[in-house]
Amino acid sequence: MPKRTDIHSILLIGSGPIIIGQASEFDYSGTQACRVLRDEGYRVILVNSNPATIMTDPEFADRTYVEPLDPDVVAAIIERERPDALLPTLGGQTALNLAVTLAERGVLDRFGVELIGASIDAIHTAENRERFKGAMTEIGLAVPASGFAYQLDEALKVGHEVGYPVIVRPSFIMGGRGTGIAADEEELGRLAATGLSASPISEILIEKSIAGWKEYELEVMRDNADNCVVVCSIENLDPMGVHTGDSITVAPAQTLSDVEYQRMRDAAFACIRRIGVDTGGSNIQFAVDPATGELVVIEMNPRVSRSSALASKATGFPIAKIAARLAVGYTLDEIPNDITRMTPASFEPTIDYVVTKVPRWAFEKFAGTSGVLTTRMQSVGEAMAIGRTFPESLQKGLRSLEHGRWGLNCDPAEAVLDAVSDDDLVRQAGVATPDRPFQLEAALRRGISVERLHQATGVDPWFLDQISLITAERSRLTTIGFQGVARRDWRRAKRLGFADAQLAWLWGVPEADVRAARLAAGVRATFKTVDTCGAEFDANTPYHYSTYEDEDEARGGQRRTVVILGSGPNRIGQGIEFDYCCVHASFALRAAGYDTVMVNCNPETVSTDYDTSDRLYFEPLTYEDVMNVLDVEKEQLLGVIVSLGGQTPLKLAGRIPPELVLGTPPAAIDEAEDRERWNALCHRLGIPQPDGGTAADLETALSITSRIGYPALVRPSYVLGGRAMEIVYDGEGLARAMAELAGFGTLGREGGLSAERPVLIDRFLEDAIEVDVDALRDATGEVLIGAVMEHVEEAGVHSGDSACVIPPPTLTAATIGVIEDHTRAIAEALGVLGLLNVQFAVQQGSVYVIEANPRASRTVPFVAKATGVPLAKVAARVMVGATLAELRAEGVLKPPAPGAHVSVKEAVLPFNRFPDVDTLLGPEMRSTGEVMGIDATFGLAFAKSQTAAGDRLPEHGTVFLSLADRDKAGGLVAARRFVDMGFALAATEGTARYLRDNGVPVAEVVDKVGEPSNGHRRTAVDLIGNGEIDLVVNTPRGRGPRADGGYIRLAAGVHNVPCLTTAAAALAAAGGIADWARHGLSVRSLQEYHDAGQQTLRL
Amino acid sequence: MDRGDALLVLADGTTFEGEAMGAPADVATGEVVFNTVLSGYQEVITDPSYAGQVIAFTYPHIGNYGISEADSESARPFCRGVVVRELARRPSNWRSTVDLDTWLVAHGVPGITGIDTRRLTRHIREAGSMPCAFGTADEATLKAAAAAERGTDGIDLVAGVTTPARYTTGDGPLRVVAYDFGIKTSILRQLGEIATVDVVPASTPAQELLTQRVDGVFLSNGPGDPAAVTYAVTNIAMLLGQVPVFGICLGHQLLATALGAETYKLPFGHHGGNHPVQRLRDGAVEITSQNHNYAVVQGSLASADVTHVNLNDGVVEGLRCRDVPAFSVQYHPEAGPGPHDARYLFEEFRQLMSRAQAH
Ligand SMILES: Nc1ncnc2c1ncn2[C@@H]1O[C@H](COP(=O)(O)OP(=O)(O)O)[C@@H](O)[C@H]1O
Ligand SMILES: Nc1ncnc2c1ncn2[C@@H]1O[C@H](COP(=O)(O)OP(=O)(O)O)[C@@H](O)[C@H]1O
Ligand SMILES: [Mg+2]
Ligand SMILES: [Mg+2]
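Protein sequence lines, in the order shown, are assigned to chains A and B. Taking my numbering, the leading residue of the first sequence gets 1, the next gets one more, and so forth. Taking my numbering, the leading residue of the second sequence gets 1, the next gets one more, and so forth.
By construction, these hints were calculated from the structure, which means they are not laboratory data. Be careful, since some hints might not be right.
Unchecked claim - Not everything, but these chain B residues come out facing chain A in the computed CB check (under 7 Å):
id : residue
1  : Thr-36
2  : Asn-64
3  : Asp-71
4  : Trp-94
5  : Arg-122
6  : Thr-141
7  : Pro-276
8  : Arg-279
9  : Arg-281
10 : His-340
To be verified - Restricting the straight-line Cα-Cα distance to at most 20 Å, the calculated cross-link-like pairs of lysine to any residue (SDA-like) are:
id : chain 1 : residue 1 : chain 2 : residue 2
11 : A       : Lys-3     : B       : Pro-325
12 : A       : Lys-133   : A       : Gly-276
13 : A       : Lys-157   : A       : Ile-181
14 : A       : Lys-3     : B       : Thr-14
15 : A       : Lys-3     : B       : Asp-282
16 : A       : Lys-651   : A       : Gly-831
17 : A       : Lys-651   : A       : Glu-511
18 : A       : Lys-894   : A       : Ala-814
19 : A       : Lys-894   : A       : Thr-780
Computed from a predicted model, the values in this text were never measured in an experiment. Backbone N, C-alpha and C define an ideal beta-carbon position, used for all residues, glycine too.
Taking the hints into account, I'd like the entire structure generated from these sequences.
Have a look at this one:
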């Protein structure tokens, strides 16, 4: 069937902020869908609250709403736009749930909106675990036995029925509290108790545990003519019990015979047909008993998913793109295969390489987490690597993570395992953690048998044997020695994925010598092509990966070529914002007639879509791998862009030949990063900085603080995301901080940073307003101020974790003037060519500079959405020589037009995944994503940003306040406004007294948790537990998660009560609620905001 | 496992470096073809249709799940050799009884591993499948051997793989005679469910078959050039109209030839498990298992309709006679290895036979 002509406009829902479990993959799928649907001539209306996404660029949809993904808001958008259809299957769980709510509330019927892609019934059958199990049993597919329980005895009964071990999953809870595996009655009793109390509806699912079974995923597509294909099969290295999102996964499946694989394929088709996903992609998870081959279905996701993004990158089959076409009526055989062009999409990709995905975690940022991998996903990002064999792709994948590892051991970091005894090593490997692969290799190196490790870990013997090939080669190479290696040895080593750096370490020679000797021996990287068909047909898409073979298929381009280095796996502090910048650069440069080449290893992203750039090299972002690409491209190579992918490419800037680095020269980058030189520069320019100094030991540190006084900010140099940064209030605190920094474990992992570097100690500016500036300088010296952003939370809360506002709501014109001048001066002094981000702190009207980064910052996309200035695009052009004047003439650069609206960026934090971690904000960044609220006033925009972040502010009810002394004054103002708006107040003793003394009524005074009750008062936790509190304002008092505040914030988290941890945020919220009450909800598209902005300029 | 360096040399002189595996061989020769399946190497290697050929697998890791006797498509492999990128050292699968390497040695099949099989595939894709030689001998010897190797054109390879004597298998209600041109076990399994199957040597004269009750005749898959199996064509011509006939792969080509069609050799054939075939009846797409180098010339047939076409390259994938009860497909509905999408064709054969019985 050709495409549908009875629908003209389609509403697409994005997945909102980046959170654990929903990352850039939905920007990739959404962006693809937008492109396809517009190519097909449909009017596309997009809603997504995440400003950092590429899909929310005004040019990707006819109407782009950066509004909260909230039923009321989306209903308002539907009422305003009247789309014919809603496509909910490309925006993750968020879009799917939202679509269901809209349908159930009758919104879709009321406005005659047709749900395309998946029916409500299909969604329900797939998402509701009980209905799903029923459906599977109906079609003769096995599922793990299970039952629900509402009381303890019930739980034990179910446990007895399904048989131990069992896995317990409380219903409707976030973060897996009370989830776990029980081996017997006693353990179940304990787990069930916590589980039942954790579940708000005290319901738990008890399921037979098949932990240790092999876990598989099939990515399946179906069209409206009932044609089904499997796009990709994926096998998990970590067996059942570790979430697929936290597992090392491999494509294609490695240890299934064709008989078993075809059985799984038949089951997958039966499943998608029974669930009734009419068109599009689905992800179906299976488990296989390694001893008997018994097959059970685990779950199905009736939508594109993280795995389908992986499958698309792994095979070259663009699932989201095709799903979008199928949703508007095409059948698979009517859609051409992009890559071969000659053959249709109605086939099953076959590949001639191995793909390995490795997750990246951020446990080091969440004190109190065990770091153990369970059935709930905890990773914040992932890297994918392609090699001709599993060992090669595994080693490439591990070095892609940028966690300070160069491959599978054979690097300095492997030393941590040396001291561990054999038995302990096996025991450690038995518990799934991020270190498992390294423990396995170390164990094999010690001669511990594959059988024993298989017993201990459940990892399939095939994988273990493949790892032991790496181990064997390592010992061969050790005996041969650097002098002895012949061509054949180099070839074997490289084919097993060894990096030059690993070999250099192994032989104790410089990496440069290894590379030189290897090239002299004639062993160089060859590039192969990802073509969906194992080379059976000619490929038109230059999507390459490196390996060590005879034939090299990569060819440089005909036009001047710019290589763009991406940002690698998502991590806290470096995520989708940087992918946005790289993709924009690629688009802008292609439009300007350059060939663009993307190098990146993050499968979730738009940058690794094969048609984003002229050529895509799916490679780790290490010196060796990047140089290999530059070699292929050298003919037409104009240069390399290192300043748009965050810290990752910036770290390489120093090693790439300087003449190849486009934009701000490496020397200047270093001047901004190097503390001494940076101070000198500020001094020269007369720009005030917080007093401070650098210390290597406690005495020096104390002498500094005696000069600058307390509180002081202590941190290691050269760190992103405020890693390990701490505010100390006295000598004791300083001593503790210094001690921690001295013996720094995890820091070493983070890309070559080390504890040897001196510690930075700054005067901590209290109650200072933090300000971010994104600016741009061209070769003529003209500086463009993209935007000045005022933070809501005071300095001390990491810029990445605090809300910020355009235009600044409280800064005076004079202060803004000073800030802009300082920014210009710094840009000039550093000789910036391209983007510059400067952070300031304003204390009692005087402006201090905190830091400057001559690179794209996290806020670039936010600024672009708020002002309509495509900073990244402009920066890319400027870096290859265009001037701002030329770009204005070309129309690429429109003058910044703030317009009449206010934009608020709010951070989204992953605390619900880490139940035991305190939600306090500090100088260490911990947010995974961000949302944007736009509206006529600051209050409204702030309120929207809170709703978008999942903390919808209450319109009435009771506000609970518990304020640290230094926050009481600020809190008082907020409290007054709450009372004026008719809220009742509850507070802890001290706060209550302060408020009452200042004439603010407090309805209920509560006890501190865990303290002897004076009288019969209830505690804040009781109130929150009873649902009597609608908003919590709790600012830090004392240290450590177990302080009273800790319990309060924990309770708020569990019961989903919005919780603000700064007086500033409370004040903003009060303003928001007030405006909300006055104006009510209104929605507007970015296109409208931007046009309005340009209007106001013209007047 | 390191059994020394070996070379693969193509008839056009192209050379590849690798290491010996499987049965030791200084020089092994055959026509090299590539197969794109991700799983199912055992079924492929034991498919008699590969007689005279050297199989190069495009998927690098081969041997991962070992060998499970039940999965063999014939009593022994007939192919001349196996070319892989990475032979698995230690297989892992609950059904596996032996590793691929040991099994190849046991069956005297030589192989070569460590080859840049993607380069080989791209070369064959451009230059066409061609004779090759591989082994531990020196380059000159192998070059000469490759040049001397005849390949498969015009040779009757069926004679070498067909059963020497008639035998019976299956327990279905109907009675089917299956011409064994190199029949796969998966086919017999499928036929065996609907019929009791008498498997007869390829050269069995048609008259002999019709002496006792026969509900249908099946024409099996097999190796090589249909034009070289003239005796089969004559027999099929005599059977048409007498009994319902169903052919697969070579059987399909022979049926077409008997009906007067021409066949031709594809540049590098179809060998894999992911080819999209459209059923013209209703437009449905089947993902199919394929293994053939020769095909029926489009439009060279007056008396039959094309029922299936290959969506990749338009090759004729299925035929149905207009006036006599006979049909055939070029691909492998029995799978083994490959998808089960087309198993319904055996049911259609059953219905065709039942209908014929009715009158
Ligand atoms: N019955 C079980 N026994 C052991 N592990 C399980 C079981 N069911 C699921 N798991 C593990 O939990 C993970 C998440 O379960 P899943 O049903 O996929 O939920 P999600 O929706 O979070 O993906 C799976 O990837 C698997 O590793
Ligand atoms: N002297 C200071 N006084 C108050 N807050 C500070 C000071 N220096 C840094 N901060 C806070 O710490 C956060 C992180 O510091 P920053 O230098 O930006 O590190 P990063 O490079 O990780 O962004 C800043 O966003 C700011 O909130
Ligand atoms: Mg899952
Ligand atoms: Mg900063």
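Taking the hints in turn, this is what the structure says about them:
1. Thr-36: Status holds, d = 4 Å.
2. Asn-64: holds (5 Å)
3. Asp-71: Where the cut-off is 7 Å and the nearest Cβ of chain A is about 6 Å from Asp-71(B), the hint holds.
4. Trp-94: holds (5 Å)
5. Arg-122: Status holds, d = 5 Å.
6. Thr-141: violated (21 Å)
7. Pro-276: holds (4 Å)
8. Arg-279: Where the cut-off is 7 Å and the nearest Cβ of chain A is about 11 Å from Arg-279(B), the hint is violated.
9. Arg-281: At about 13 Å, which exceeds the 7 Å cut-off, the nearest Cβ of chain A leaves the hint on Arg-281(B) violated.
10. His-340: Check passed: Cβ of His-340(B) comes within 6 Å of chain A, closer than 7 Å.
11. Lys-3(A) x Pro-325(B): violated (39 Å)
12. Lys-133(A) x Gly-276(A): Answer holds: Lys-133(A) to Gly-276(A) is near 15 Å, not above 20 Å.
13. Lys-157(A) x Ile-181(A): Since the Cα atoms of Lys-157(A) and Ile-181(A) sit roughly 16 Å apart, the hinted pair holds (cutoff 20 Å).
14. Lys-3(A) x Thr-14(B): Between Lys-3(A) and Thr-14(B) the Cα gap is close to 48 Å, so the pair fails against 20 Å, i.e. violated.
15. Lys-3(A) x Asp-282(B): holds (19 Å)
16. Lys-651(A) x Gly-831(A): Since the Cα atoms of Lys-651(A) and Gly-831(A) sit roughly 19 Å apart, the hinted pair holds (cutoff 20 Å).
17. Lys-651(A) x Glu-511(A): Judged against 20 Å, a Cα distance of about 17 Å means the pair holds.
18. Lys-894(A) x Ala-814(A): Violated - the C-alpha atoms of Ala-814(A) and Lys-894(A) are around 25 Å apart, more than 20 Å.
19. Lys-894(A) x Thr-780(A): Given that 20 Å is the threshold and the Cα spacing comes to 18 Å, the pair holds.
When held up to the earlier numbered hints, the structure conflicts with 6, 8, 9, 11, 14 and 18 and fits the remainder.
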